[in-house]
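Heads up: the sequence lines are chains G and Z, in that order.
For the first sequence, numbering that gives the first Met the number 0 begins at 0 and goes up steadily by one.
For the second sequence, numbering that gives the first Met the number 0 begins at 0 and goes up steadily by one.
These are calculated hints, taken from the structure and not from any lab test.
Some clues are possibly wrong.
What the hints assert, rightly or not - Each computed DSS-like pair below joins lysine-lysine, with the alpha-carbon atoms no more than 27 Å apart:
(1) Lys59(G) x Lys93(G)
(2) Lys416(Z) x Lys414(G)
(3) Lys356(G) x Lys24(Z)
(4) Lys41(Z) x Lys24(G)
(5) Lys414(Z) x Lys414(G)
(6) Lys267(G) x Lys228(G)
(7) Lys416(Z) x Lys151(G)
(8) Lys151(Z) x Lys356(G)
(9) Lys385(G) x Lys370(Z)
(10) Lys356(G) x Lys397(G)
(11) Lys324(G) x Lys239(Z)
(12) Lys197(Z) x Lys239(Z)
(13) Lys35(Z) x Lys414(G)
(14) Lys325(Z) x Lys243(G)
(15) Lys239(G) x Lys356(Z)
(16) Lys239(G) x Lys219(Z)
(17) Lys24(G) x Lys388(Z)
(18) Lys356(G) x Lys21(Z)
(19) Lys414(Z) x Lys356(Z)
(20) Lys267(Z) x Lys219(Z)
(21) Lys21(Z) x Lys56(Z)
(22) Lys151(G) x Lys416(G)
Unchecked claim - Chain Z stretches covered by chain G per the calculated footprint, using a threshold of three residues with CB under 8 Å from any CB of chain G:
(23) 95-107
(24) 159-173
(25) 273-286
(26) 351-365
(27) 400-407
Even glycine gets a Cβ: it sits at the ideal position worked out from N, Cα and C.
Number of protein chains: 2
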Amino acid sequence: MSDSIFHFLEPKSVALIGVSQKTGKGSFNILENLTKFGYTGKIFPVNPNANEILGFKTYKDVQSLPEAIDLAVIMIRRDIVPEIVERCAEKGIKGVIIVTEGFAEADDKGRFLQGKIDETVSKNSIRILGPNSMGVVNSFDNFSSAFIHIPKNLAPVALISQSGGFFEGFPDCPFGKGIDLGNTGDVDFIDALSYFEKDDDIRIIILYIESITDAPEFVKTCQRVVRSKPIIAIKGGMSKSGSKAAASHTGSLSAKDWLYRAMFRQCKILHVDSINVIGDIVKAFLSLPPFTGNRVAVITPTGAGGIITLDSIENYGFQPAVLSKKTINGIAHFFQPWTTVGNPVDILSAGMAHGYKNVYSKVLESCLNDKNVDIVIAICGAYTLKTIKDITIRHPEKPVVVWVLGADQSFIIEKTKLFNFMPYYVSPDRALYTLRAVLDYYRQNEPSLMGGDKGA
Amino acid sequence: MSDSIFHFLEPKSVALIGVSQKTGKGSFNILENLTKFGYTGKIFPVNPNANEILGFKTYKDVQSLPEAIDLAVIMIRRDIVPEIVERCAEKGIKGVIIVTEGFAEADDKGRFLQGKIDETVSKNSIRILGPNSMGVVNSFDNFSSAFIHIPKNLAPVALISQSGGFFEGFPDCPFGKGIDLGNTGDVDFIDALSYFEKDDDIRIIILYIESITDAPEFVKTCQRVVRSKPIIAIKGGMSKSGSKAAASHTGSLSAKDWLYRAMFRQCKILHVDSINVIGDIVKAFLSLPPFTGNRVAVITPTGAGGIITLDSIENYGFQPAVLSKKTINGIAHFFQPWTTVGNPVDILSAGMAHGYKNVYSKVLESCLNDKNVDIVIAICGAYTLKTIKDITIRHPEKPVVVWVLGADQSFIIEKTKLFNFMPYYVSPDRALYTLRAVLDYYRQNEPSLMGGDKGA
Chain G
0 MSDSIFHFLE
10 PKSVALIGVS
20 QKTGKGSFNI
30 LENLTKFGYT
40 GKIFPVNPNA
50 NEILGFKTYK
60 DVQSLPEAID
70 LAVIMIRRDI
80 VPEIVERCAE
90 KGIKGVIIVT
100 EGFAEADDKG
110 RFLQGKIDET
120 VSKNSIRILG
130 PNSMGVVNSF
140 DNFSSAFIHI
150 PKNLAPVALI
160 SQSGGFFEGF
170 PDCPFGKGID
180 LGNTGDVDFI
190 DALSYFEKDD
200 DIRIIILYIE
210 SITDAPEFVK
220 TCQRVVRSKP
230 IIAIKGGMSK
240 SGSKAAASHT
250 GSLSAKDWLY
260 RAMFRQCKIL
270 HVDSINVIGD
280 IVKAFLSLPP
290 FTGNRVAVIT
300 PTGAGGIITL
310 DSIENYGFQP
320 AVLSKKTING
330 IAHFFQPWTT
340 VGNPVDILSA
350 GMAHGYKNVY
360 SKVLESCLND
370 KNVDIVIAIC
380 GAYTLKTIKD
390 ITIRHPEKPV
400 VVWVLGADQS
410 FIIEKTKLFN
420 FMPYYVSPDR
430 ALYTLRAVLD
440 YYRQNEPSLM
450 GGDKGA
Chain Z
0 MSDSIFHFLE
10 PKSVALIGVS
20 QKTGKGSFNI
30 LENLTKFGYT
40 GKIFPVNPNA
50 NEILGFKTYK
60 DVQSLPEAID
70 LAVIMIRRDI
80 VPEIVERCAE
90 KGIKGVIIVT
100 EGFAEADDKG
110 RFLQGKIDET
120 VSKNSIRILG
130 PNSMGVVNSF
140 DNFSSAFIHI
150 PKNLAPVALI
160 SQSGGFFEGF
170 PDCPFGKGID
180 LGNTGDVDFI
190 DALSYFEKDD
200 DIRIIILYIE
210 SITDAPEFVK
220 TCQRVVRSKP
230 IIAIKGGMSK
240 SGSKAAASHT
250 GSLSAKDWLY
260 RAMFRQCKIL
270 HVDSINVIGD
280 IVKAFLSLPP
290 FTGNRVAVIT
300 PTGAGGIITL
310 DSIENYGFQP
320 AVLSKKTING
330 IAHFFQPWTT
340 VGNPVDILSA
350 GMAHGYKNVY
360 SKVLESCLND
370 KNVDIVIAIC
380 GAYTLKTIKD
390 ITIRHPEKPV
400 VVWVLGADQS
410 FIIEKTKLFN
420 FMPYYVSPDR
430 ALYTLRAVLD
440 YYRQNEPSLM
450 GGDKGA
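Excised from the complex, chain G in its bound form (with noise of 0.2 Å):
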């Protein structure tokens, strides 16, 4: 079935029913956003009351429509939508998507009407996204059927969600694409996976979930997708009134947190409980080379800052590198004599007899080049931040990762952007969670990768 979705997120025309005369702020105007978005396919408005909208031609109703659309999105009282899903599936139309609630999720008129809809669908090649939903952004293909602006972005991570509520992203987490599936009355979680598997603009998948009906289904479809694209996976309603409120919000029926940890488990991917490390995870994906040794080297600026590492570094399975004799003798002329250079590499005071930005660039070279080390953190201020990558740019196969001090973090994030190479972290134990979670995909997922470590 997944080759029918792509109607929904590429689609070549698209007929907007029930869309608004109503323009500009507060508007929240499919058309109007959708023109802003760049999208050049084919649009055709639908509404009985007006001839135009911001300069396009409009259809009195879907008979009346001139050809053959690829995609459907209803904005219409729900009472009328099962009939307009009908005339939609007589019209051709290949995908629909309902943005109008109050179905499933609200009362038994509802569920009566999402019934009459199941029945259209049951019968005909049509497919439905929603009801209940925002749709698509597809930021690569310029098209987006949601009623509030999105902004474009190309990161070539995909959201699939039972709602739409994430479209704009997480923390430092932005998507290039995404799908609401709303109450999931049709295209699913499976769909969604199998469409975004074979997509080469994407190279990894976040699922917000509330509920899966086709558990089975859904496992062989991750342990399949998850060889070639990480998938993360926030599950909502965890808790007991979570779960209750999940109910009035997709129609959901969600079982147990403890049956959904365990079959996430068995999907092999990663689920994580806070939204706030997902942009963390995604990061380290984007810009680190695969890694499955767990040999880490600290270099540091603050006595502190190495112990809290290394601290962070024991919690999350993590070994603290025992850097060789060759790494040592090359850097130990910084130091005092009474210092034991070891691992983390303090280089405070070396750096201010020797020159701070020298000494950070020999140590850090020579960490890369010690087969003892499997992972570099390098603790730093930003303005260390060119000099970390002139170094690690010449050394593509090992992990760098970045943990900058201080409190001002718009600063600390707008100067990282120009390095956008490079995870950076405002926090020893989110860099280690976040390296966790990756190693643990690479050693489950590139047995081919597997060696040079030496510890648990």
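Using the hints provided, position chain Z relative to the given structure of chain G.
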């Protein structure tokens, strides 16, 4: 003893012993930093090889200093530090910051030298900060002994740290004042806590701890100070390897992690495992009214956002508020008849139909007036912050916390800076974790505020 440390933070005169003639970028010159910091007291550079540095008359040695001086900052090779400290004591200098490293944290000779300094301290009224200390930063009184540039900030937050590495602040958490205890040879946590307890510039105290030597006195002091000011502590060296590294950082002998955890509980201070959450907690203390109730109302433009917020509410031991009939009746007309209006209040469709900001304001106001609601979590995009501010400002007695949706964190930070009275979070789990920490503090420390809590 605590009275004696004010010379370290507010010296009227300071001698810089061993200050370098090298100035400018990469010179780590304390004198240069101090003048840039706007210090208005008297400065006496001591350097036998110079007549003046940066326009300041330079003295050959401690003996030739012309007057009684509050504070000396020593950065000379370790061998002669004990002797210079003795000269300072003879001269009547009240406090000495020893920046020089290579003492108890280094080797046998270092331990011997630190012992000599201890002797001088025990025989005189002189106080020592360090050795191996960056000293002090005090933005309120324009004094800094740090050899690196620390941005000035008037945050009412003090750092007491066994490292200067965090003087620049934790993420989203700058400090107005900081003391680096270094090897904690003399001035210790107890001195510094007692000082900040009485400091009207300071409302919150952060500790970075590697080891506590006088545990009973530390506990007693914390229990006293915490009654008027929240104390947040992070402990470096909780892991085996981290604890080993702490020994060579500040000469600390770290006890078992569980002993520290038990002690922190006894202290009634907030012990955190990540520097990442400290800024979150500080923001809440600085901008929220005290509260002891745990019933949370959630306003959201995204159903999914509401659901994962409920999950966090339950996880952190809060309760979803049961909105009063008055509240529900007052806002029901915004919603479709089939919608069950409850908590979370999902306002998207209502906002589309009746004006988004209009509905947001009315719902927020109703929740703030509802006696069943202790706390409001307002989920929003950055453009709704002003609307929320306009309402919350009229309800200073009830905490409102904002989760700002979106990927672009530097944009969100800049937007929220306009509304800095309002704590904002990047995800619901961060918000609820923080509220739990703050709630626990007020329940423990302001029993007069108790009441209004029907829940756990």
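Okay, the hints, checked on the actual structure:
A distance of roughly 20 Å separates the Cα atoms of Lys59(G) and Lys93(G); the hinted pair therefore holds under the 27 Å criterion. Our distance criterion of 27 Å between C-alpha atoms is met by Lys416(Z) and Lys414(G), whose separation comes to about 19 Å. With a C-alpha separation of about 12 Å, the suggested pairing of Lys356(G) with Lys24(Z) holds against the 27 Å cut-off. With a C-alpha separation of about 60 Å, the suggested pairing of Lys41(Z) with Lys24(G) is violated against the 27 Å cut-off.
Taking the CA atoms of Lys414(Z) and Lys414(G), the gap is about 18 Å. The hint holds against a cut of 27 Å. Only pairs whose Cα atoms come within 27 Å are accepted, and Lys267(G) paired with Lys228(G) is accepted, the gap being roughly 11 Å. At roughly 25 Å between alpha-carbon atoms, Lys416(Z) and Lys151(G) fall within 27 Å of each other, so this suggested pair holds. With a CA separation close to 24 Å, the supplied pair Lys151(Z) and Lys356(G) stays within the 27 Å bound.
Taking the CA atoms of Lys385(G) and Lys370(Z), the gap is about 54 Å. The hint is violated against a cut of 27 Å. For the hint linking Lys356(G) to Lys397(G), the alpha-carbon distance of about 21 Å falls within 27 Å, and the restraint holds. With a CA separation close to 23 Å, the supplied pair Lys324(G) and Lys239(Z) stays within the 27 Å bound. Proximity of Lys197(Z) to Lys239(Z) is assessed by CA-CA distance (about 37 Å); at most 27 Å being required, the pair is judged violated.
For the hint pairing Lys35(Z) with Lys414(G), the CA-to-CA distance comes to about 24 Å; that is within 27 Å, so the pair holds. Under the criterion of a C-alpha separation no larger than 27 Å, the hint pairing Lys325(Z) with Lys243(G) is consistent with the structure, at around 23 Å. A C-alpha spacing of about 31 Å is found between Lys239(G) and Lys356(Z), which places the hinted pair above 27 Å, so the restraint is violated. At most 27 Å may separate the alpha-carbon atoms for a hinted pair to count; Lys239(G) and Lys219(Z) exceed this at roughly 41 Å.
Taking the CA atoms of Lys24(G) and Lys388(Z), the gap is about 21 Å. The hint holds against a cut of 27 Å. Between Lys356(G) and Lys21(Z) the CA atoms are separated by roughly 17 Å; this keeps the pair inside 27 Å, and the hint holds. The hinted pair formed by Lys414(Z) and Lys356(Z) meets the criterion: a straight-line CA distance of about 17 Å does not exceed 27 Å. Of the supplied pair hints, the one linking Lys267(Z) and Lys219(Z) holds, its CA atoms being roughly 10 Å apart against a limit of 27 Å.
With a C-alpha separation of about 15 Å, the suggested pairing of Lys21(Z) with Lys56(Z) holds against the 27 Å cut-off. Note on Lys151(G) and Lys416(G): the hinted pairing holds, with a Cα-Cα distance of about 17 Å set against a maximum of 27 Å. Counting residues of the region 95-107 of chain Z whose C-beta lies closer than 8 Å to any C-beta of chain G gives 4; at least three are required, and the coverage claim holds. Residues of the region 159-173 of chain Z with a Cβ under 8 Å from some Cβ of chain G number 13, which satisfies the need for three, so the listed coverage holds.
Interface restraint, the region 273-286 of chain Z with chain G: holds (4 residues with C-beta to C-beta distance below 8 Å; minimum three). Counting residues of the region 351-365 of chain Z whose C-beta lies closer than 8 Å to any C-beta of chain G gives 3; at least three are required, and the coverage claim holds. Counting residues of the region 400-407 of chain Z whose beta carbon lies closer than 8 Å to any beta carbon of chain G gives 4, which reaches the threshold of three, so the coverage claim holds.
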